[in-house]
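Number of protein chains: 2
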Amino acid sequence: MRIGITGSGQLGWMMILEGRKLGVEFNVAGESPNDPASRIADSFFPYTRMNDFVDSSDFVTFEFEHVPGDVIQYAMDQGKLFPSMESVVLKRDRSREKKFFTDHGIPTAKYYVSDDFTDAIEKSKAFSKSVVKQCFNGYDGKGQALVENGAVLSGSAEGKCIVEEFIDYDFEASIICYRDRHGRVGSFLPSLNFNSFGILLYNESPVNDYGMREISEKLLSSLNYVGVMGIEFFIRNEKAMVNEFSPRVHNSGHHTLMGSSVSQFEQHVRILSDLPTVNPVLYRPSGIVNIIGKMPTNIFDILKGKEAKPYIYGKAERRRRKIGHVNVTAETIDDLHSLIVEIKEGIYGKTLESNLSINPHSSS
Amino acid sequence: MRIGITGSGQLGWMMILEGRKLGVEFNVAGESPNDPASRIADSFFPYTRMNDFVDSSDFVTFEFEHVPGDVIQYAMDQGKLFPSMESVVLKRDRSREKKFFTDHGIPTAKYYVSDDFTDAIEKSKAFSKSVVKQCFNGYDGKGQALVENGAVLSGSAEGKCIVEEFIDYDFEASIICYRDRHGRVGSFLPSLNFNSFGILLYNESPVNDYGMREISEKLLSSLNYVGVMGIEFFIRNEKAMVNEFSPRVHNSGHHTLMGSSVSQFEQHVRILSDLPTVNPVLYRPSGIVNIIGKMPTNIFDILKGKEAKPYIYGKAERRRRKIGHVNVTAETIDDLHSLIVEIKEGIYGKTLESNLSINPHSSS
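Heads up: the protein sequence lines correspond to chains V and Y, in order.
Mapping the first sequence onto this note's numbering, position 39 (from 1) lands on 39, and the numbers just tick up by one.
Mapping the second sequence onto this note's numbering, position 15 (from 1) lands on 15, and the numbers just tick up by one.
By construction, these hints were calculated from the structure, which means they are not laboratory data.
If you're wondering where the values come from, they're calculated on a predicted model, not measured in any experiment.
Just so you know, not all the hints are guaranteed correct.
If chains are identical, the list can't say which one is meant, so a pair holds when it fits in one copy or spans any two.
[What the hints assert, rightly or not] Think about it this way: if two alpha-carbon atoms lie no more than 25 Å apart in a straight line, the pair counts; the simulated SDA-like pairs of lysine to any residue are:
1. 344 with 316
2. 304 with 127
3. 315 with 276
4. 125 with 167
5. 304 with 282
6. 142 with 48
7. 322 with 137
Construct the entire structure; sequences and hints are all you get.
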């Protein structure tokens with residue numbers, strides 16, 4: 001069994017680390033043979049050799065969904081692509097994703113579609129406060145603007161946009177869920193996510209469900225989805241609204257690498273390979289702290305003596321870039337939170353802004 | 001940081017799987033580039049290129065200690081070898097290992113040394129029942145004979161032997177322990193081991209300590225050991241006696257791959273790399289079932305719906321050969337035992353003898 005992974009970053013890297021135990025081999029198609037997943041793949045293929053990549057793979061999946069459609073067209077034609085193009089196409093244009101949610105009765109913030117930013121600002125007046133998000137190529141908080149009474153408070157967006165009612169949520173949460181090739185759905189216990197400068201900084205699991213599991217099952221089934229999916233939610237007054245989904249393993253599911261009976265990565269590889277999934281048991285409250293921008297030279301000293309360990313992706317340092325994460329477990333959720341905050345302080349100290357913000361001289 | 005592993009089997013394979021998350025790279029020196037560890041190494045070296053192997057490694061360790069001394073002499077000369085030769089040399093000759101135990105006050109069965117099997121039988125008369133073990137090249141129950149009142153009941157041995165008083169133990173147990181480069185010792189919770197035909201068939205952790213931790217600390221310190229070590233014990237009347245130790249990660253420590261805060265493999269890589277160890281927390285009762293001789297074609301069906309997952313080493317099938325194992329966790333130790341027995345039955349059914357016994361037509 002050989003799985004082809006499109007994309008060569010840390011998600012593919014962890015898919016390989018977790019999937020090898022099952023006797024599975026891996027091809028990686030990506031930008032560079034020096035990327036994290038490329039370095040440990042059985043074979044690396046540049047995007048210019050996609051047909052060879054697909055031909056030598058039993059199944060093909062994504063770790064990075066923003067690849068040109070023609071690149072994966074051949075995998076689709078061969079019936080080897082999981083998840084299918086449908087979920088990926090929705091991600092190419094935020095307005096299609098939003099429309100899919102509302103068409104299928106999946107709770108999400110009210111929105112309008114605009115052809116450009118100026119029109120978006122105009123439409124935003126329907127809400128007292130709103131978020132304008134560009135439909136194409138926006139991620140990790142890029143291509144978004146916060147607007148109040150027609151005035152841009154922060155950020156910017158380009159081209160076609162959605163204008164979303166600003167949700168004054170109590171907190172953000174997410175669920176890692178999955179659907180196998182036979183239509184069976186399942187999920188890991190959800191996590192509470194803490195973002196900073198539009199990027200996930202840390203998360204903690206478990207958190208109450210607030211309807212996330214039911215919504216995830218509806219979304220998976222509506223899409224005829226096959227594989228692992230991450231869904232981000234806003235939680236307000238104990239109710240969950242979908243913010244967005246990712247048709248792949250997800251950063252907010254990395255906590256499943258420690259303190260769980262199975263990781264999101266192994267589960268995804270199992271589904272692709274048509275092997276039975278493992279029932280996800282959370283042994284103990286678990287979470288992660290992302291390492292973004294810069295790797296502390298004393299990372300192992302920071303974690304010394306703690307119930308914590310790092311995954312170091314082997315990527316060059318760059319502002320706002322995820323270059324590693326720390327897995328953390330603890331006996332109680334309160335202990336977990338204290339430990340995570342302590343580790344976050346150890347990693348960032350006063351450097352959070354310079355590592356994460358788009359413009360390090362602006363206030364957050 | 002690049003670690004060189006001498007030996008290319010499953011222990012090195014799991015060391016690499018577990019060590020990569022730390023950003024460590026791996027060289028493997030072994031018989032074949034197609035062996036489990038060789039296939040996923042950053043670089044493979046045949047034993048004929050040991051100097052190159054050592055030169056391109058920051059540190060060198062074993063996953064298989066029965067390599068000729070001259071092969072690792074160069075690593076030793078460079079000060080790169082962990083653990084040191086001392087512990088390995090003891091393993092080359094059982095009589096030296098036994099002498100080391102008794103010299104250092106480490107409880108072990110009474111014994112005599114003989115130059116040949118005939119003399120061993122003669123000396124065995126000092127005990128009503130004894131086990132004669134050849135001093136060189138015996139492992140997994142090979143090169144051993146059970147003797148009662150001077151009569152061989154089963155097995156055989158060659159050359160220099162030790163004659164050990166037969167311990168009518170209540171059960172076998174083992175501990176995975178470690179000592180870092182700064183002399184700090186630690187251990188995982190011990191496991192109860194069940195052997196069949198002289199090979200570990202399954203184990204279950206935790207089991208009571210019975211003095212194993214204290215003995216392990218004494219042995220590690222007496223040897224000035226650096227790295228992870230597995231020690232096997234006989235437990236009789238709630239007291240532990242050392243059977244033997246392995247100067248490396250050990251089959252009875254594979255349960256640390258699931259349900260623990262850190263695995264024996266990651267711990268070993270950390271010690272070699274002079275990174276802080278992780279405090280081993282056993283989240284939940286954990287054990288393994290070894291897959292020996294033959295891989296069931298329905299292994300994933302056997303495990304379906306269970307809190308269990310396999311590690312498939314990618315080795316050719318052969319009687320008595322360990323070609324994989326299954327990790328199992330459960331909420332209670334009783335549940336763990338039931339689940340392990342169920343999985344063992346699923347894997348072997350009536351084939352245990354044909355997969356494990358040296359002579360499949362003899363009775364066990």
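These are the hints, each one checked on the structure:
{"no.": "1", "hint": "344 with 316", "in the structure": "within (20 Å within a copy, 46 Å between copies)"}
{"no.": "2", "hint": "304 with 127", "in the structure": "neither (49 Å within a copy, 50 Å between copies)"}
{"no.": "3", "hint": "315 with 276", "in the structure": "between (33 Å within a copy, 22 Å between copies)"}
{"no.": "4", "hint": "125 with 167", "in the structure": "within (15 Å within a copy, 85 Å between copies)"}
{"no.": "5", "hint": "304 with 282", "in the structure": "both (24 Å within a copy, 18 Å between copies)"}
{"no.": "6", "hint": "142 with 48", "in the structure": "neither (28 Å within a copy, 54 Å between copies)"}
{"no.": "7", "hint": "322 with 137", "in the structure": "within (18 Å within a copy, 49 Å between copies)"}
Consistency with the previously given hints fails for numbers 2, 6, ordered from lowest to highest.
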